[in-house]
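**Student:** Read off the chains here:
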Amino acid sequence: MTLSRRAAVAALSLLTAGFLSASAQAKDFEPAIVFDMGGRFDKSFNEGANNGAERFKKETGTNYRFFEVQNEAQREQFLRRLAERGADVVVAVGFSMAPSVEKVAKEFPKTRFTVIDGVVNLPNVQSVTFAEHEGSYLVGMLAALASKTGTVSFVGGMDIPLIRRFACGYEQGVKAVKADGKVIVNMAGTTPAAWSDPTRGTELAKSQFDRGSDVVFAAAGQTGLGVLQAAADAGKLGIGVDSNQNHLFPGKVLTSMVKRVDVAAYEAFKTAKDGTWQGGARTLGLKEDGVDWARDEHNAKLVTPEMKAKLDAAAAEIKAGTRKVANYSDTEGCKY
Amino acid sequence: MADSLLWLLSLLDSTARLAVPLLLAALAGFYAERAGIIALHLEGKMLAGAFAAAATAAVTGSAWLGLLAAIAASLALAAVHGFASISQRGNQVVSAVAINTVALGLTAVLANAWFQIGGRTPNLPADARFGEVTLPLAQSLSGVPVLGPIYAELVSGHNILVYLAFLLVPATAWVAYRTRLGLRLRAVGENPSAVDTAGINVARLRYQAVLIGGVLCGFAGAYLSTAQGAGFQTNMTAGKGYLALAALILGKWRPVPTLLACLLFAFADALQTRLQGVALPGIGQVPVQLIEALPYILTVLLLAGFVGKAVPPKAIGQPYVKDR
Chain C
121 MTLSRRAAVA ALSLLTAGFL SASAQAKDFE PAIVFDMGGR FDKSFNEGAN NGAERFKKET
181 GTNYRFFEVQ NEAQREQFLR RLAERGADVV VAVGFSMAPS VEKVAKEFPK TRFTVIDGVV
241 NLPNVQSVTF AEHEGSYLVG MLAALASKTG TVSFVGGMDI PLIRRFACGY EQGVKAVKAD
301 GKVIVNMAGT TPAAWSDPTR GTELAKSQFD RGSDVVFAAA GQTGLGVLQA AADAGKLGIG
361 VDSNQNHLFP GKVLTSMVKR VDVAAYEAFK TAKDGTWQGG ARTLGLKEDG VDWARDEHNA
421 KLVTPEMKAK LDAAAAEIKA GTRKVANYSD TEGCKY
Chain U
11 MADSLLWLLS LLDSTARLAV PLLLAALAGF YAERAGIIAL HLEGKMLAGA FAAAATAAVT
71 GSAWLGLLAA IAASLALAAV HGFASISQRG NQVVSAVAIN TVALGLTAVL ANAWFQIGGR
131 TPNLPADARF GEVTLPLAQS LSGVPVLGPI YAELVSGHNI LVYLAFLLVP ATAWVAYRTR
191 LGLRLRAVGE NPSAVDTAGI NVARLRYQAV LIGGVLCGFA GAYLSTAQGA GFQTNMTAGK
251 GYLALAALIL GKWRPVPTLL ACLLFAFADA LQTRLQGVAL PGIGQVPVQL IEALPYILTV
311 LLLAGFVGKA VPPKAIGQPY VKDR
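Taken in order, these protein sequences are the chains called C and U. Sequential numbering of the first sequence, starting at 121, is according to the working numbering. Sequential numbering of the second sequence, starting at 11, is according to the working numbering.
Since the hints were derived computationally from the structure, they do not count as laboratory data. The reader is advised that the hints may include incorrect statements.
Output of the computed footprint for chain U on chain C, the stretches with three or more beta carbons under 8 Å from beta carbons of chain U [as the list claims (entries may be wrong)]: (1) 200-207; (2) 300-312; (3) 336-347.
Even glycine gets a Cβ: it sits at the ideal position worked out from N, Cα and C.
In isolation and in its complexed conformation, chain C is listed as follows:
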């Protein structure tokens, strides 16, 4: 019974797929994007992807569909619904999308999927990841250069290898400037709720300040807003993440470790439209301008020319491959 039903469903979906691809030439290009929990205006990761999609819309005039995931089960539902509706390319934002993308991409081999921050090995999936450790290394150097106490700290969101990669790169950057510098590392939690708990972020940051930290790097989605708020309130310095967060508390945010999620989302749409979209894994590092540290009018007074020169030199060495930054995911723990 189930077998025959499954066969019927398969036949039906093949028919639909055939019908859709036949009509694809006639209909307009339809890109779609699924944002993860935290929402597309989280001032951080999801908002970066949103900016990329908005830029595409502005340049090409093509509208895009989007969904915001509110709970775990919706990831798969939304991805499947978009694929069923015949979206030409579906961008899935966030590492936690990867298992759902893998499942849905197998069911819809004709639909192109781009997953940002996660890896799925399927021919119709493009996996974009970032070399966060390289960017974190640079902001770690800057934190150590700006710190007066010699102690700096890190607040992560959910305790996962990706966030450990931030922490590890940050630690290496600090140690590169001050070999005896101290780095306090805290995680906000072990469930996805850890991304959206600013109160916890504030408490964690305050506890770190009590232990002597005067620069704190937050890689924690909305929770990070509480961290930056606490730093601004206490007269310490915060470091933002993913999007440029310098403007949130001008003069109180030392810099932001920018992940060009916007570029990844924009390029997925753009290449799919041009027909140059390719499956496979890509890692965007310093060399590819995938990660960077933010400089603008809001932190101009905080970053002296000497600091900038040191960071630029280090960035050049990393790009050239003469300075190695250990990747937490490769080394099974933060070893460097």
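With chain C held as given, fit chain U onto it using these hints.
**Tutor:** Frame of chain C, contents of chain U only:
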């Protein structure tokens, strides 16, 4: 020595900050439950209060107007709960759960519709929040050994709602045990027919209790979004209303033991942020997961073994019907 004292003080400082919303909500629950109305709707009232405070403060730039709005929003929900469970004699648990669900959805939708930043309100500037108050002599006394730092670090430097919350504990105890209103409230939760026989309006008393709870939850909500935090986020209460109810039960529906229960929960929470990644002498580094579970383990242990039987008010949850 000075270092560990400072560490301890900062831990207790954080405990006080985290205990405030629990305490205010638990006291709100105290009034309602002692009068015989189940206060499962604390969560919803707090959330609505938090949203109203942050939204009003964001638009007007005044924390005080925000506080008023929070109280109004929380009072409105309290009145709904009162109407459903007192006037209409409905099931109080159902009414409370409905209020919580409505508050969760409505605040997120309104925030999205009005501010369009994903179910949040804009970050509030410093003057639209309740700032820290430095008590007199905090600076000059900080040189005094032991007592000086305790006064400067722990007692001084909180926002005004923190002091209010802690002052409300003796005030509540006084109202409940030393005034006529308190006596009647407690009686109406134990034996409403006796109160009715004495010629006192049961429904009116219960409404009073629920509305006092509404005001207190308004304070709790405003504290979350305009004092402790700087803006509203979807579901920012994150179960604090239920935790407050647990504290009330753990405190056996009495003000001072309830305060202790709130402080205990807050202490466990404050401790877990500080124990993360710290190597304890003799034990080494404790896994994050274990530390995160600490408040819950404590609760279970205490409820199971150390507190003894918590006896609720006798008439709780029962609508009062005059002619039976």
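**Student:** Which of the listed hints are broken here?
**Tutor:** 1
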